[in-house]
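*Asks:* Sequence order for the protein chains is E and Y. If you're matching positions, the first sequence starts at 6 in this note's numbering and goes up one per residue. If you're matching positions, the second sequence starts at 28 in this note's numbering and goes up one per residue.
Heads up, some of the hints might be wrong.
[To be verified] Lysine-lysine pairs mimicking BS3-like chemistry, simulated, CA-CA at most 25 Å apart:
#1 E:Lys-36 x Y:Lys-261
#2 E:Lys-72 x Y:Lys-334
#3 E:Lys-11 x E:Lys-103
#4 Y:Lys-548 x Y:Lys-246
Source of the hints: derived by calculation from the structure; they are not laboratory data.
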Amino acid sequence: MTINIKRGEELVSYEIEEKNLTLLQVLTQIKTEVDSSLSFSSGCRSSVCGSCAMRVNGREVLACAYKPSEGDLIEPLRNVPVLRDLVVDMDKAYGFNKIAKAWGLPTSKSISVSPQDAKQNELQSDCILCGSCYSACPVYSVNSEFIGPFALTRSWKYVSDLRQSDISSTIAAVQTSGIYDCTLCGECVPVCPQGIAPKQDIVMLKNKSGVLGYMDPSFASSFGGGLTF
Amino acid sequence: MIDVLVVGAGGAGLVAALSAKERGASVRVLTKTYPTRSQTCMAQGGINAALSNSGEDSIKSHYENTLKSAHGIADEKMIEKLCNEGVEAVKWLDSIGVPFSRNEDGSIAQRRLGGASAARACYAQDYTGLKILHTLYDQCNANEIEMLSDRFLLELIVNEGTVGGAVVLNLKTGEVENHEAKSVILATGGYSRIYGNNSTNAVGTTGDGIAVALRAGAKLSDMEFVQFHPTALKNSSILISESARGEGGYLLNKDKERFTNELAPRDEVSRAIVDEMAKGGEVYIDIRHLGEEFIDHQLPQERKLAKLYENVDPAFELIPIKPVAHYTMGGIEVDAESQTSIKGLFAAGECANHKVHGANRLGGNSLLELIVFGREAGTNAANLAIENMESPTNGYAGRDLKKCILELQDPACKIDFYTKRDELCEQFYENVGIKRNHKMLTEALGYLERLRDDLPLMGVRDTNLIYNTELVEFLEFKNMTEIANAVVLGAIKREESRGAHYRDDNPNENQEFQTNTIYYKNGDELCVTLMK
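Go ahead and model the full structure; you've got the sequences and the hints to work with.
*Replies:* Okay, structure coming up:
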């Protein structure tokens with residue numbers, strides 16, 4: 006079987022045995038037996054650390070959970086700087102978690118949370134920060150400062166948490182280059198290895214923002230002209 | 028200069044950073060990957076605390092269970108601290124937003140793990156470690172803690188027995204960087220990967236911080252104690268969680284017959300499996316009788332991973348398994364303040380030995396350890412740094428590390444280190460694994476000596492310095508050889524069986540050895556003694 010790996014500007018083909026291995030096992034085999042300079046990131050091998058996200062035939066996958074097929078094209082994630090071969094620099098992308106103020110403010114009182122309440126943000130907290138949704142998001146081609154799908158899902162995780170008494174700073178943080186910049190195209194949804202739907206979470210954040218008196222700026226500007234005398 | 032430098036961004040590192048910051052210190056965290064990608068994310072079972080949310084429990088029972096599992100070589104005061112602070116630790120995690128699973132009454136749900144007298148492990152589905160780690164990361168963002176990724180620890184800066192920072196390789200640029208600090212906390216994880224593919228751990232669990240600390244003059248302890256998990260997938264060593272047996276799964280031999288009590292401690296079950304495998308043939312875990320619906324609800328990860336890696340559907344087929352290295356009890360020797368034998372150098376998490384696990388760790392205690400001793404290390408490191416107004420460091424006075432790295436690069440190197448790494452790991456699984464004896468251990472020691480002679484003939488073929496993962500793996504391999512040497516020397520010294528260390532030539536506990544093993548460097552020689 007032949008697979009093709011994008012390495013910088015070049016596309017390099019590798020002949021591999023068909024042994025029912027995962028893509029990560031295949032890459033490891035190439036590195037240790039054929040070409041030690043092939044660079045990629047990996048960690049847990051069991052889809053919880055988020056290190057080995059990459060694209061296969063244009064779609065984001067975790068290499069540890071994908072079995073390659075004849076002719077596959079393997080590429081690094083998009084929207085992030087490529088450091089080398091399949092290794093990307095996630096620093097800026099990770100930084101959006103901070104810009105979104107996606108965290109909880111510690112509370113001193115112990116709050117009772119029912120199993121049903123806990124379900125509210127259980128899925129959102131399954132996120133492994135692999136960057137698949139970030140890579141699939143088309144907004145970055147027009148706005149490189151977009152807070153983006155995983156950081157907004159993370160914001161919603163805290164905003165929807167019963168234990169949080171004050172969510173105002175998190176909501177305020179996602180108003181600029183945040184929830185209104187999302188086009189709700191849904192490209193982030195099918196690529197999530199954890200089955201999270203960031204698009205849904207962004208809709209929820211928009212609703213919550215509306216309830217708290219924030220206004221969609223595109224909506225506001227369409228009325229803008231008529232209000233000046 | 029910053030006050031506190033933390034190396035490692037797993038649970039212990041991030042808790043230490045938060046505690047140091049809370050104390051008023053300036054803090055920087057370095058990690059060889061990214062925060063959230065460390066071994067902590069793989070912890071599934073839970074975090075122990077005697078909350079009595081799911082049945083009667085007490086701190087005393089937690090203490091007694093932990094002490095029993097430690098087989099006489101734990102520090103009772105440290106276990107007391109661990110268990111006492113457990114309740115507070117879990118409440119704190121709850122307050123910062125860890126999404127624990129819940130009981131109907133709204134309290135945190137708890138489950139019973141092996142060796143525990145009560146349902147004590149607080150969990151978040153099968154993602155306990157992942158969710159704790161990510162919540163800690165979010166708190167570090169909230170507290171503006173500087174976290175630098177892609178930094179591989181090379182050496183510590185030490186002048187006259189006092190630490191002054193760390194030297195790291197920036198993987199992004201290929202440059203060697205000095206990070207000077209008034210105190211340093213190592214939170215770099217364990218060393219299960221000296222067993223290579225015969226380990227459940229992430230690929231980077233190579234004991235780097237322990238090896239670096241040893242080279243810098245710190246003492247280590249109890250390195251021979253390695254916990255093997257009885258049920259990992261045969262081909263990939265992916266963990267099949269203890270809950271598969273807890274929920275009623277059977278272990279079967281090649282004749283499809285049960286051969287042991289599935290709920291005995293991990294070390295006993297692992298030995299029983301090894302005995303069956305020695306007779307020839309496979310060993311399996313059978314969960315078919317639990318039913319497809321139950322499996323999908325309670326063990327979804329296991330079903331997915333068995334299908335992916337073994338081509339086996341556990342709902343209808345037997346799962347081939349083997350015991351593999353899972354957790355390393357040994358590590359950097361620390362005192363009650365989490366300080367190592369080097370002044371200003373602290374350690375927490377799996378890389379440290381706080382002597383709470385002794386000869387065998389209980390499930391649910393390692394996540395707790397990260398919180399309790401991460402805090403201890405962070406607070407004490409901050410206090411020391413704040414008291415110490417003057418810069419303690421004269422900079423790094425050791426070898427020119429950039430030059431050393433360039434010297435490792437050799438496209439024409441004679442021996443392939445990847446082949447040698449596989450050999451070393453196989454050697455250790457065979458001879459320094461679940462069952463050991465003097466003959467096997469001496470063979471492994473001989474192998475290591477030959478390997479050390481061969482090291483100068485190995486090198487890194489890839490001469491590009493930008494994100495050179497071959498270089499990282501070679502540096503990790505060199506660390507592994509140093510760790511492996513300590514493990515085998517300790518195992519030879521300890522002529523008895525205790526907890527996870529089993530010698531079939533000395534199958535009983537021996538009072539003479541009811542103490543900790545201490546390791547230190549004397550020049551190039553590694554010395555091993557028993558603590559008085």
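*Asks:* None of the hints should be skipped; say for each whether it holds.
*Replies:* Status of the hints after comparison with the structure:
Using a Cα cut-off of 25 Å, the hinted pair Lys-36 (chain E) and Lys-261 (chain Y) holds, with the two alpha carbons roughly 23 Å apart. Between Lys-72 (chain E) and Lys-334 (chain Y) the CA atoms are separated by roughly 12 Å; this keeps the pair inside 25 Å, and the hint holds. About 31 Å separates the Cα atoms of Lys-11 (chain E) and Lys-103 (chain E), which puts this hinted pair outside 25 Å; it is violated. Distance hint between Lys-548 (chain Y) and Lys-246 (chain Y) is fulfilled; the C-alpha atoms sit about 8 Å from each other, no more than 25 Å.
The structure shown violates just one earlier hint, number 3.
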